[in-house]
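Participant: Sequence:
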Amino acid sequence: MFMPMLIHKILKFSAGKKAEARLVARRQARAEARDIRMREIEKQQKEAEKNHTDQYDDHVDEPARPPRGIRSDNRERASSYASVGSDSRRN
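Note that UniProt numbering numbers the sequence shown so that position 90 is 90, with each residue one more than the last.
In short, the hints are calculated from the structure, not lab data.
Think of the CB as a built atom: it goes at the ideal place given N, C-alpha and C, for glycine as much as any other residue.
Some hints could be false.
[Said to hold, decoys possible] Pairwise CB distance ranges (calculated):
#1 5 x 41: 50 to 56 Å
#2 16 x 36: 26 to 32 Å
#3 55 x 33: 30 to 36 Å
#4 47 x 8: 56 to 62 Å
When you get a sec, could you build the whole thing from the sequences and use the hints?
Facilitator: Encoded structure:
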């Protein structure tokens, strides 16, 4: 009678240790997955910052342009056309 009780306790202890080992393994797996996700998020943030910086640099490097609709070679013609139109209205 003593032997079955001892075997039961040993098996129960062994089952408890296995369950504890499974818990530890799950925690480690979750921690590793969390680390992987954090590294991926950091990577995405760095890429986004780099893209933003590149876009800003591209924008800053663009030459200043005249207002839309008026090209530099047409400015003189536009002013001369305006003066012609104003003369014809006076007559």
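Participant: Do residue 55 and residue 33 keep their Cβ atoms within the hinted range of 30 to 36 Å?
Facilitator: holds (33 Å)
Participant: With respect to the beta-carbon atoms only, verify the hint that residue 16 and residue 36 lie 26 to 32 Å apart.
Facilitator: The hint (26 to 32 Å, Cβ to Cβ) holds, given that residue 16 and residue 36 are roughly 31 Å apart.
Participant: Can you tell me whether the CB distance of residue 47 to residue 8 sits inside 56 to 62 Å?
Facilitator: Check passed, 58 Å falls within 56 to 62 Å.
Participant: Can you tell me whether the CB distance of residue 5 to residue 41 sits inside 50 to 56 Å?
Facilitator: holds (54 Å)
In this structure, every one of the numbered hints holds.
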